[in-house]
Amino acid sequence: MAETLKTEVTVVGAGPAGIAAACRAAESGARVLLLDENPRAGGQIWRGTRCGRGPAGARRWLARLSDSSARLVDTTAVVDTDGDGGLLVERRGEALVVEGERLIVASGARELFLPFPGWTLPNVLGVGGGQALLKSGVSFRGRKIVIAGSGPLLLPVAAALATSGAHLRLVAEQAPAHRVHGFALSCWRYPGKLIEATRYRAAFLATAYRTGVWAVAARGDDRVEEVVLTDGHRSWTEPCDYLLASYGLVPNLELPRLLGCAVDNDRVTVDDHQLTTVDDVYCAGEPTGIGGLELALVEGEIAGLAAAGRDREETALAGRRRRLERFAAALAHAFAPRQELAERVEVDTTICRCEDVAWKQLHPAGSFRQAKLATRVGMGPCQGRVCGPALALLRGWEADRVRPPLRVSTLGVLASRSKGPAGH
Amino acid sequence: MTRIPIVIDGRTVEAEPETTVAAALLNDGIWGFRSSVESEPRGPVCAMGICFECRVTIDGIPHRRACMELCRPGMEIETGG
Ligand SMILES: Cc1cc2nc3c(=O)[nH]c(=O)nc-3n(C[C@H](O)[C@H](O)[C@H](O)COP(=O)(O)OP(=O)(O)OC[C@H]3O[C@@H](n4cnc5c(N)ncnc54)[C@H](O)[C@@H]3O)c2cc1C
Ligand code: FES
Numbered sequence: 397m398a399e400t401l402k403t404e405v406t407v408v409g410a411g412p413a414g415i416a417a418a419c420r421a422a423e424s425g426a427r428v429l430l431l432d433e434n435p436r437a438g439g440q441i442w443r444g445t446r447c448g449r450g451p452a453g454a455r456r457w458l459a460r461l462s463d464s465s466a467r468l469v470d471t472t473a474v475v476d477t478d479g480d481g482g483l484l485v486e487r488r489g490e491a492l493v494v495e496g497e498r499l500i501v502a503s504g505a506r507e508l509f510l511p512f513p514g515w516t517l518p519n520v521l522g523v524g525g526g527q528a529l530l531k532s533g534v535s536f537r538g539r540k541i542v543i544a545g546s547g548p549l550l551l552p553v554a555a556a557l558a559t560s561g562a563h564l565r566l567v568a569e570q571a572p573a574h575r576v577h578g579f580a581l582s583c584w585r586y587p588g589k590l591i592e593a594t595r596y597r598a599a600f601l602a603t604a605y606r607t608g609v610w611a612v613a614a615r616g617d618d619r620v621e622e623v624v625l626t627d628g629h630r631s632w633t634e635p636c637d638y639l640l641a642s643y644g645l646v647p648n649l650e651l652p653r654l655l656g657c658a659v660d661n662d663r664v665t666v667d668d669h670q671l672t673t674v675d676d677v678y679c680a681g682e683p684t685g686i687g688g689l690e691l692a693l694v695e696g697e698i699a700g701l702a703a704a705g706r707d708r709e710e711t712a713l714a715g716r717r718r719r720l721e722r723f724a725a726a727l728a729h730a731f732a733p734r735q736e737l738a739e740r741v742e743v744d745t746t747i748c749r750c751e752d753v754a755w756k757q758l759h760p761a762g763s764f765r766q767a768k769l770a771t772r773v774g775m776g777p778c779q780g781r782v783c784g785p786a787l788a789l790l791r792g793w794e795a796d797r798v799r800p801p802l803r804v805s806t807l808g809v810l811a812s813r814s815k816g817p818a819g820h
Numbered sequence: 002m003t004r005i006p007i008v009i010d011g012r013t014v015e016a017e018p019e020t021t022v023a024a025a026l027l028n029d030g031i032w033g034f035r036s037s038v039e040s041e042p043r044g045p046v047c048a049m050g051i052c053f054e055c056r057v058t059i060d061g062i063p064h065r066r067a068c069m070e071l072c073r074p075g076m077e078i079e080t081g082g
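Same order as they appear, the protein sequences are chains R and S. Take the first sequence: its position 288, counting from 1, is numbered 684 in the working numbering, and each next residue is one higher. Take the second sequence: its position 56, counting from 1, is numbered 57 in the working numbering, and each next residue is one higher.
Isolated chain S, as found in the complex (with noise of 0.2 Å):
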């Protein structure tokens, strides 16, 4: 199966299709997805959509869960917010 072209703040890498856009950030060496409202670095904890650490910006739409998503061709991530 053809691999899946994103954008990871700024950087292309390449999806497996069918992965979350929570394990091809984890895959791609990220865990801190989103900063606390202390600054804590944050990454996923449950991957079924509740607790909201996964939250990146997808698409320039902020607070995406990033385990809930599957990559799309294109899709543009930024990590960090």
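In isolation and in its complexed conformation, chain R is listed as follows (with noise of 0.2 Å):
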């Protein structure tokens, strides 16, 4: 049997949303769990913010997290449900059991990968993905590094891999320059934001944004060595060491819909209060809709005074709330892929990189559970988290249901399950 251990309210996530959640459900005296994966707290962007290095606002948040009563349980996925209303999850091979009265899910968010001949070679990553890496100690150097991607993550990390002494030879933004600059227009209203992007551009300013630009190929022989770019009429090549090519964020649905949270156009239901549609369970930060740092932590705040019962402190935070949720809405207009990059996709490039199923093995599929039948893709040890929103964007297909484990576990964690599977 597994151990168990118990609380009053568990947060699953210790990114800014469950960050700030576990703080506030702490200081109004509940008793807190607050679970993550990784070895530290921080989630994505403070990824890495430790002994005085970061930002002040991570520094602020961590400090007041470890000064709190709330109990950070690291190194610890949640993998599934135990089938009595608790978390069943997994520490260094070990299985556990969490039971909480109430649950707060801040699973956060991950990135749009979306496939092009070359993508698979090694140093091809995600451009939150060249982030973390250079945040868990690479040393990007003299390394010629282009980024062509999409979306506001671009600046921060062109502004940090140009610090770091990197080559940055170009940034290509895929959204055209109309929306962009009609964004940025719009944008008085958040002179907050403005600053900040002004301040990232120039830590960069050795080299060209361009809006409007794409990659179409990467290629190389054991890893990337040149990239394909082109603006729609025009097509050139750039040497590079480093390619970084995602498209945005995603939220990480599977454990709201595992636990049967309602999911409507890709973002949890939540109420005023971030209560989800399911009894005692609560959702804060990217699953209820992509929104950024800001809207993560007042969501996760909400959600943290609502989880320990003080709902009414909460108003002056709705307010907060409503204006990032517009901002949220204009970056997302702004940024969505443009259909040029579905039509980068050859016969012969791969989708799912779990199994090596190429797109022509797809083409006679109708959904996603047909094509998992014929071709396994999507069953690898990423169970569709990288091909499933792209063959969303690529086919139309929806997400499959989803089955635990939510994460490839040991065989151990699963046999420890006490009760037979819920919730699917």
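Warning: the hint list may mix true and false statements.
With a straight-line cut-off of 25 Å between C-alpha atoms, the simulated SDA-like cross-links for lysine to any residue are [claimed, not checked]:
(1) R/402 / R/445
(2) R/756 / S/42
(3) R/756 / R/745
(4) R/756 / S/37
(5) R/756 / S/40
(6) R/540 / S/41
(7) R/589 / R/726
(8) R/589 / R/577
(9) R/756 / R/578
(10) R/756 / R/735
(11) R/768 / S/41
(12) R/540 / S/28
(13) R/768 / S/42
(14) R/756 / S/64
(15) R/768 / S/40
(16) R/402 / R/495
(17) R/756 / S/62
(18) R/756 / S/36
(19) R/540 / S/17
(20) R/756 / S/31
(21) R/540 / S/32
(22) R/768 / R/788
(23) R/540 / S/31
(24) R/768 / S/37
(25) R/540 / S/8
(26) R/768 / S/38
(27) R/768 / S/64
(28) R/768 / S/28
(29) R/540 / S/39
(30) R/768 / S/39
(31) R/756 / R/612
(32) R/540 / S/33
(33) R/589 / R/602
(34) R/768 / R/784
(35) R/540 / S/29
(36) R/768 / S/50
(37) R/402 / R/471
The set of hints was computed from the structure by calculation and includes no laboratory data.
Taking the hints as your guide, dock the two standalone chains into a single complex.
This is the structure:
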């Protein structure tokens, strides 16, 4: 039998949303366990913030967390429900059951990757992936880097790489100029965001930032050596040691789906208190709609207060949440992937990286489920987290039902599941 | 801070403290972490634990995600699996 941890509020995900939720709930007097599969708290944006390094906001929240009574349980992945209202989690190959009276899901987002010829070559990374590697200790000094992706994330990543001594050759944004400029103009209502963007841009002034440009192919022998870029009229080649190519974020909906939370249009449905359609299950941060750091924090605070029974203190936060939601909607519109990104795929292009399934093998299938049966697409260890969102865009295929375990885990963990599987 | 001795494919190298296994391998000039079903070299993509392209064998346990583990003294890493 697995060891059981009991608590009042369980928070899954120690990114900004989960940290804010855990702090607010603990400060309101609730007993809180904060789980994350990473070895450190911070989520995607605050990865590697420690020992006095990193942005002030990050250090403030991490200090607040360690001063609070919330207990961080790191290196711990939620893999399933235990069939009895608890969560089955894996910690270094060991199984644990976590039983809380209320649950806050703050599972964050991942990057949207889209297939194109050569995208499986080593050193073709996500934009955030490059950032994460930098934060986890990779030295890019003197390396030739091309960023060809989409979204506001390009700016901080370009700034960080240039500052670290990388030889940043080009930053290409696939969204057309009129959309990006229209978005920038609409930002007068959010002066903080404009100042931030300008500061990032200043950190890589030696490199061009071009809109309406995207990668069509990566080439190289056993790793990427050059990228073919286009602006839709003209194509050219740029040599590189690393190519960063991803197209915004997709929410991690696997856990909320497994718990039975309603999801609409790729967002977990929540009320004003961040409560999902399942009793005592709250959701905050990117899974309720991609919104960035500040919205994640506000939603986390609201969820933490609500889960601790302090609903009345949320009112001040509700106005900020509305404002930030409008900003997020404008952002999603401006940086929507262009149709040409889907047209890059060739018959031999690998779509499923885990099982090496090529585009031509998928062609006859009419749905994700059919394709899975015929080709094993999406059945490898990433469980469709990479090819699923890509095929949603390329083929309009809906994601298949979530099946536990949510992480490929050791057999011992599953064997210790106390009751039969639930929620599916 | 003291550097951390780790073993990569039988060679001892020193990693900076608080670096992940993925970072240590890339800094050591290794970019093909594993070999795919069709024997293509693959390396990290997401660096956040979702793509599973960075899988290596760590202390004899296969399929560990190099981007999710911090280097520990004496850790033995095998690539190309
Ligand atoms: C790779 C990457 C880099 C980014 N870099 C920047 C940047 O430089 N600047 C910027 O403004 N924005 C950046 N973003 C956007 C940023 O992620 C969000 O704005 C913000 O972090 C959202 O906070 P969150 O708490 O909702 O989610 P996240 O920060 O994503 O946190 C979610 C946490 O949940 C954990 N988790 C998920 N599922 C489970 C599970 N089943 N079991 C255990 N733990 C789980 C994850 O490990 C993660 O730590 C980046 C995004 C990505 C994907
Ligand atoms: S790089 Fe994607 S899981 Fe490690």
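To see whether the hints hold, each was checked on the structure:
{"no.": "1", "hint": "R/402 / R/445", "verdict": "violated, 29 Å"}
{"no.": "2", "hint": "R/756 / S/42", "verdict": "holds, 21 Å"}
{"no.": "3", "hint": "R/756 / R/745", "verdict": "holds, 8 Å"}
{"no.": "4", "hint": "R/756 / S/37", "verdict": "holds, 18 Å"}
{"no.": "5", "hint": "R/756 / S/40", "verdict": "holds, 19 Å"}
{"no.": "6", "hint": "R/540 / S/41", "verdict": "holds, 23 Å"}
{"no.": "7", "hint": "R/589 / R/726", "verdict": "holds, 13 Å"}
{"no.": "8", "hint": "R/589 / R/577", "verdict": "holds, 14 Å"}
{"no.": "9", "hint": "R/756 / R/578", "verdict": "violated, 39 Å"}
{"no.": "10", "hint": "R/756 / R/735", "verdict": "holds, 20 Å"}
{"no.": "11", "hint": "R/768 / S/41", "verdict": "holds, 22 Å"}
{"no.": "12", "hint": "R/540 / S/28", "verdict": "holds, 15 Å"}
{"no.": "13", "hint": "R/768 / S/42", "verdict": "holds, 24 Å"}
{"no.": "14", "hint": "R/756 / S/64", "verdict": "violated, 28 Å"}
{"no.": "15", "hint": "R/768 / S/40", "verdict": "holds, 21 Å"}
{"no.": "16", "hint": "R/402 / R/495", "verdict": "holds, 5 Å"}
{"no.": "17", "hint": "R/756 / S/62", "verdict": "violated, 35 Å"}
{"no.": "18", "hint": "R/756 / S/36", "verdict": "holds, 22 Å"}
{"no.": "19", "hint": "R/540 / S/17", "verdict": "holds, 23 Å"}
{"no.": "20", "hint": "R/756 / S/31", "verdict": "violated, 31 Å"}
{"no.": "21", "hint": "R/540 / S/32", "verdict": "holds, 15 Å"}
{"no.": "22", "hint": "R/768 / R/788", "verdict": "holds, 14 Å"}
{"no.": "23", "hint": "R/540 / S/31", "verdict": "holds, 17 Å"}
{"no.": "24", "hint": "R/768 / S/37", "verdict": "holds, 18 Å"}
{"no.": "25", "hint": "R/540 / S/8", "verdict": "violated, 28 Å"}
{"no.": "26", "hint": "R/768 / S/38", "verdict": "holds, 16 Å"}
{"no.": "27", "hint": "R/768 / S/64", "verdict": "holds, 22 Å"}
{"no.": "28", "hint": "R/768 / S/28", "verdict": "violated, 37 Å"}
{"no.": "29", "hint": "R/540 / S/39", "verdict": "violated, 28 Å"}
{"no.": "30", "hint": "R/768 / S/39", "verdict": "holds, 18 Å"}
{"no.": "31", "hint": "R/756 / R/612", "verdict": "holds, 18 Å"}
{"no.": "32", "hint": "R/540 / S/33", "verdict": "holds, 18 Å"}
{"no.": "33", "hint": "R/589 / R/602", "verdict": "holds, 22 Å"}
{"no.": "34", "hint": "R/768 / R/784", "verdict": "holds, 11 Å"}
{"no.": "35", "hint": "R/540 / S/29", "verdict": "holds, 17 Å"}
{"no.": "36", "hint": "R/768 / S/50", "verdict": "holds, 22 Å"}
{"no.": "37", "hint": "R/402 / R/471", "verdict": "holds, 18 Å"}
Of the hints listed earlier, those the structure fails to meet are numbers 1, 9, 14, 17, 20, 25, 28 and 29, in rising order.
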